[in-house]
Amino acid sequence: MTVTERAERSPTPDPLGMTRAAPAVRHREPRSMQRVLTGVVILYLGVVLIAPIAALLLAAVRLGIPSLLEAVTSDYALSSLNVSLALAAFALLFNGVFGIATALVLVRDRYFLARPIGALLDISLAVSPVMAGLAMLLLFGRGGWLDGFSIFGFRVPFAFPALVLATLFVTLPYVAAECGHMLQEVGTEEEAAASTLGASAWRTFRSVTLPNVKGGLIVGGILTVTRALGEFGAVLVIGGAIAGKTETATTYIYAATEERQHAGAVGMAILLASVSLVSLAIVALFQRTRGSK
Amino acid sequence: MSIEVEHLTKRFGSFLAVDDVSFRVAPGELVALLGPSGGGKSTILRIIAGLERADSGTVSIGEDRVEHLDARDRRVGFVFQHYALFRHMNVRENIGFGLRVADVKEKERRARVDELLALMGLDGFAERMPAQLSGGQRQRVALARALAPRPRLLLLDEPFAAIDAKVRQELRTWLRALHDETHVTSVFVTHDQEEAFALAERVMILNHGRLEQAGSPTEIVDSPATEFVAQFVADANSLSAEIRGGRAIIGALSIPAPDFPDCRSARVVIRAYELKLWRSDTEAIADVRRVSALGDRVRVDVNIDGGPAMFGHFPRRSGLLEGVTPGSRVALEVTSALIYPVK
Numbered sequence: 001m002t003v004t005e006r007a008e009r010s011p012t013p014d015p016l017g018m019t020r021a022a023p024a025v026r027h028r029e030p031r032s033m034q035r036v037l038t039g040v041v042i043l044y045l046g047v048v049l050i051a052p053i054a055a056l057l058l059a060a061v062r063l064g065i066p067s068l069l070e071a072v073t074s075d076y077a078l079s080s081l082n083v084s085l086a087l088a089a090f091a092l093l094f095n096g097v098f099g100i101a102t103a104l105v106l107v108r109d110r111y112f113l114a115r116p117i118g119a120l121l122d123i124s125l126a127v128s129p130v131m132a133g134l135a136m137l138l139l140f141g142r143g144g145w146l147d148g149f150s151i152f153g154f155r156v157p158f159a160f161p162a163l164v165l166a167t168l169f170v171t172l173p174y175v176a177a178e179c180g181h182m183l184q185e186v187g188t189e190e191e192a193a194a195s196t197l198g199a200s201a202w203r204t205f206r207s208v209t210l211p212n213v214k215g216g217l218i219v220g221g222i223l224t225v226t227r228a229l230g231e232f233g234a235v236l237v238i239g240g241a242i243a244g245k246t247e248t249a250t251t252y253i254y255a256a257t258e259e260r261q262h263a264g265a266v267g268m269a270i271l272l273a274s275v276s277l278v279s280l281a282i283v284a285l286f287q288r289t290r291g292s293k
Numbered sequence: 001m002s003i004e005v006e007h008l009t010k011r012f013g014s015f016l017a018v019d020d021v022s023f024r025v026a027p028g029e030l031v032a033l034l035g036p037s038g039g040g041k042s043t044i045l046r047i048i049a050g051l052e053r054a055d056s057g058t059v060s061i062g063e064d065r066v067e068h069l070d071a072r073d074r075r076v077g078f079v080f081q082h083y084a085l086f087r088h089m090n091v092r093e094n095i096g097f098g099l100r101v102a103d104v105k106e107k108e109r110r111a112r113v114d115e116l117l118a119l120m121g122l123d124g125f126a127e128r129m130p131a132q133l134s135g136g137q138r139q140r141v142a143l144a145r146a147l148a149p150r151p152r153l154l155l156l157d158e159p160f161a162a163i164d165a166k167v168r169q170e171l172r173t174w175l176r177a178l179h180d181e182t183h184v185t186s187v188f189v190t191h192d193q194e195e196a197f198a199l200a201e202r203v204m205i206l207n208h209g210r211l212e213q214a215g216s217p218t219e220i221v222d223s224p225a226t227e228f229v230a231q232f233v234a235d236a237n238s239l240s241a242e243i244r245g246g247r248a249i250i251g252a253l254s255i256p257a258p259d260f261p262d263c264r265s266a267r268v269v270i271r272a273y274e275l276k277l278w279r280s281d282t283e284a285i286a287d288v289r290r291v292s293a294l295g296d297r298v299r300v301d302v303n304i305d306g307g308p309a310m311f312g313h314f315p316r317r318s319g320l321l322e323g324v325t326p327g328s329r330v331a332l333e334v335t336s337a338l339i340y341p342v343k
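Chains as they are written, first to last, in my numbering: chain A, 1 to 293; chain B, 1 to 343.
Because the hints were derived from the structure by calculation, they are not lab data.
Chain B regions said to be covered by chain A (calculated; three or more residues, Cβ under 8 Å):
#, segment
1, 64-78
2, 86-93
Across the chosen pairs, the derived CB separations fall in these ranges:
#, chain 1, residue 1, chain 2, residue 2, range
3, B, E181, A, D122, 52 to 60 Å
4, A, F286, B, R316, 55 to 63 Å
5, B, G62, A, F286, 44 to 52 Å
6, B, R316, A, R31, 52 to 60 Å
7, B, S37, A, Q287, 32 to 40 Å
8, B, S134, A, I42, 42 to 50 Å
9, B, S22, A, L113, 33 to 41 Å
10, A, P211, B, R316, 51 to 59 Å
11, A, F286, B, V167, 33 to 41 Å
12, B, T173, A, R31, 54 to 62 Å
13, B, R110, A, L113, 44 to 52 Å
14, A, A119, B, E219, 51 to 59 Å
15, A, F112, B, R87, 25 to 33 Å
For the chain B half of the interface with chain A, some residues (derived, Cβ under 8 Å), not all of them:
#, residue
16, A49
17, L51
18, H82
19, F97
20, G98
21, V101
22, A102
23, P149
The structure presented is a predicted model; accordingly, all values stated were derived computationally and were not measured. Positions of the beta carbon are idealized from the N, C-alpha and C atoms, including for glycine.
Same shape as in the complex, but just chain A:
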């Protein structure tokens, strides 16, 4: 007798328990089938994810920690890391503030602008960052609409402002989306309550709205930071990866690989990966505490 047959013939004490019978059958899904499935998943993850990471760690061990440390503390490496961290900070600041404002518009807007704005934000996720870099280059570069435009005296292309703009482009929607979800979840009644209790709009925002979206701000903020640190194509195209100037941690890894400086490439890759993993752990922690509420 197969397992399915057994499930079908098992007596159901409740004649109306049709819906309850279904999960019972699912629990008795053939064991062997499940094992095969688990095996396939593990194998897949092994090839796609675990093996490359293992290769990276192995290379690190083979090169030796001292030589990695030496490589990542070189002037160019440190400068590229600084650039990346600064870009992440800018992305967090601008897209954090803009993200909350956008979330408020997305969720609370009464003039049907929410949909088009949401769609615009999705563009930043959908298009290739390289295309974003190219588009910016056409805008600010020679003959572009904003050719000669400068930010605080800095020309945009192939300079830090260009990197910031590219990073803002690729990290645009994270805080907005996360805060938007939270705003949707909490609704507007608490804000209404605050206003009937005499609170001004700013006071209501500060003591009611902001604390209610704090979780979204943190999760969205961390996603923004990891995305900013990992960005490659956009900053390469508009920044040009000039060593010591517009080279980011990711473009440094690329350049180091090209020049067969394995220690620098591997060291920086591990450094970036650790930052991202820690961020991911924080996100996971937050989502768990939010879920348990």
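Add chain B to chain A, keeping to what the hints say.
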């Protein structure tokens, strides 16, 4: 403080939520806005609080016209159906919020919050978070929060709808006692007529955005102004009839209607307890379709010969029910009916 609302109208798109509503609430009164959902009750309440703007009409609190004021400047306490407690603040911070916003000193604020905690029977809960409270407790915190800044009015939007039946009863009694103690002018919205009649001194019945009737519970039950009110406030049949020669004709059933001129279509409301029936072979004018036990009462559904179906309620051991089973032929008598000519 009194409330006066005049010619209030509010549309949401093409939907007319409030249709030219006027009423007055005397200082210290406890009034219910009663009606089916979508009837415009909550919208009126939110307009009085300043959470919604009316398209036209005026709202006065005491002597002051308030339409131009923001919610925060109206000094109106509002209790929301789903409590709307600040989820990241504990009970004390929630209740004290209105006082903190008004820059009341810490010591004074503490004293007022303690006083309210005691009044609400929430001693010992000051440090709890809203998520750690039951529905009834949350609603009491919401009420305390609304009362803390000593509002001129208290508005409650379906305050007990989200609370289970047993606790709802307790809270009702308790709200009534609270009102007798504080005497703050209060308006609450409900779709539950029992709740409205049990709590309020005056009830205003709204349907499709219109005020159908305002009056004491007794007035409303004894002389409902419209067919809607008549069938809304009691289990009742609402039937179409023709009036001919001072009688309302509903199929084989005929009811005296002495003061009404002949007309082709009128509505007759017959409350479930105003119908009598008994088994008869000679006077029978209806078939019994169904007999169902409802606790202490029995509901009997009948089909009037040549007319519509209707139902009545009878005491469980009523002698009239002898031999009344589905399919039996019965005679009908209506002890009292409310007749409304169709305009």
